[in-house]
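Student: Chains A and B, in that order, give the protein sequences.
Numbering of the first sequence is given in the working numbering, commencing with residue -16 and proceeding in unit increments.
Numbering of the second sequence is given in the working numbering, commencing with residue -16 and proceeding in unit increments.
Any given hint might turn out to be false.
Since copy identity is lost for identical chains, a pair holds within one copy or between any two.
As the list claims (entries may be wrong) - Below, computed lysine-lysine pairings styled on DSSO-like, alpha-carbon distance capped at 27 Å:
#, residue 1, residue 2
1, K120, K53
2, K120, K139
3, K53, K197
4, K120, K49
5, K197, K(-13)
6, K132, K64
7, K208, K14
8, K(-13), K217
9, K(-13), K53
10, K139, K(-13)
11, K64, K136
12, K139, K64
13, K197, K64
14, K217, K136
15, K197, K49
16, K136, K14
Keep in mind the hints are simulated off the structure, nothing from the lab.
2 protein chains.
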Amino acid sequence: MRGKLYLIPNTLGGETLSNILPQEVIDTSTKIRFFAVEELRSARRLLRKMDREFPIDSSTFIELNKRTEKPSLYFLIQQLKKGIDVGIISEAGCPGIADPGAVLVAMAHEEGIEVSPLVGPSSILLALIGSGFSGQKFTFHGYLPKERKDRIKSLKDFEADSRRHGHTHIFMDTPFRNMNVLDDLLNELADPTELCIASNLTLLDQRIRTMSVKNWRENAYDLAKIPAMFLIGKSE
Amino acid sequence: MRGKLYLIPNTLGGETLSNILPQEVIDTSTKIRFFAVEELRSARRLLRKMDREFPIDSSTFIELNKRTEKPSLYFLIQQLKKGIDVGIISEAGCPGIADPGAVLVAMAHEEGIEVSPLVGPSSILLALIGSGFSGQKFTFHGYLPKERKDRIKSLKDFEADSRRHGHTHIFMDTPFRNMNVLDDLLNELADPTELCIASNLTLLDQRIRTMSVKNWRENAYDLAKIPAMFLIGKSE
């Protein structure tokens, strides 16, 4: 029997697990001793939250980030081939989305190893369903272009497509650039365009608001340095 | 104080909740007595699974499906304005994606009512992270066109875009048409194109496989009448 590669969801920054992880996800994850992790500290913190007695020191953590070369992951593939389960833990949310976890998943598929994604919080999904926009067709674009000119072109493309086809467009930026994104949205988009901003998802001060750009101009609030998802779409 | 509109995730067809729902999601949901539901039977079944003693008979269920007119939802908005919480339950998975739940969410936003999406299973998200394809940029297309000619055009567009830009394309069809979709994929796409099929997600016989179209031709399996997600993408 071969091991399974489990995709373990991390918190979105909150302190409690009971609102974001099913009990079986916790039970499965704390039985694993070999991990690929995006960031060591947040992975250990998650495991300690799952189980205060989790044996961090006798477990193996391989860092999996932009700088990781494939060969350093072969060790984990070898464990899987020997029948040992391996977990991937992202810095926040579900592994494999906007982080480098997908590399190891692809290697597992090449070797015919079973991949098991566990249920947990995804800011993309929570923002989408919380927005009231169409979930029939949507695109996640990841991070916006850094150049202001390119960023504005993207936003205008999303707006046009959403108006014409009702397609929902989801995007984000690094938290310290949120206010620039908001400025661009409010300055460049048309009055009636509908915009949703979902910030601090799953946290106590979670906020999900969908309004026209016109209304946002009068009711914008501070998004500096907090995690936020932006959505342009059409209410159903 | 106004009520909150909770988006309550349903199972993807499985019998147990401990692998798909956090305990707090169960606790929050079973305190609610007013619901908008896509399908009565599956909503009641979920609530009884959450709590065997759930007072179905003294709770209110408003059907929310393609035939629902907005006025019949005003009753629920009134409850929210009075300070009473309301839940939306889809037939399967998260409300608001490929179902009509988004209408009520949009109405709530118009009234400035707080919307709270709860964490649970989403086949789109589980399939995406389980595929090993890029999660940096992806599109969910919903159901494929029914006309074979249009369907094949869509599939070829996904293939071309994914080869050129590494964008992941996710789509589905009604389970009884799965084998036709699979035929089209294997007949019309190029040998090296990577295809993931994720079926029976979160169930005991869950299967997630990513292979080239060439390999799929030799290793296809029966997908008739089981829920499946299809993905065309590029392994990282």
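Student: Now, for every hint given, state plainly whether the structure supports it.
Tutor: Okay, the hints, checked on the actual structure:
1. K120 / K53: The answer is between: 22 Å across copies meets 27 Å, while 34 Å in one copy does not.
2. K120 / K139: For K120 and K139, both the intra-copy (18 Å) and inter-copy (18 Å) Cα distances are at most 27 Å.
3. K53 / K197: between (48 Å within a copy, 25 Å between copies)
4. K120 / K49: between (30 Å within a copy, 17 Å between copies)
5. K197 / K(-13): Result: close only across copies, 25 Å inter versus 50 Å intra.
6. K132 / K64: For K132 and K64, the Cα distance exceeds 27 Å both inside one copy (49 Å) and across copies (43 Å).
7. K208 / K14: neither (35 Å within a copy, 34 Å between copies)
8. K(-13) / K217: between (40 Å within a copy, 22 Å between copies)
9. K(-13) / K53: within (19 Å within a copy, 47 Å between copies)
10. K139 / K(-13): So K139 and K(-13) fail the 27 Å test inside a copy (43 Å) and across (33 Å) alike.
11. K64 / K136: Neither way: K64 and K136 sit 47 Å apart in one copy and 40 Å across, limit 27 Å.
12. K139 / K64: Answer is neither; intra-copy 48 Å and inter-copy 35 Å both fail.
13. K197 / K64: Answer is between; shortest inter-copy Cα gap is 24 Å, intra-copy 57 Å.
14. K217 / K136: both (19 Å within a copy, 26 Å between copies)
15. K197 / K49: neither (39 Å within a copy, 30 Å between copies)
16. K136 / K14: neither (48 Å within a copy, 46 Å between copies)
When the structure is compared with the earlier hints, violations turn up for hints 6, 7, 10, 11, 12, 15 and 16 and for no others.
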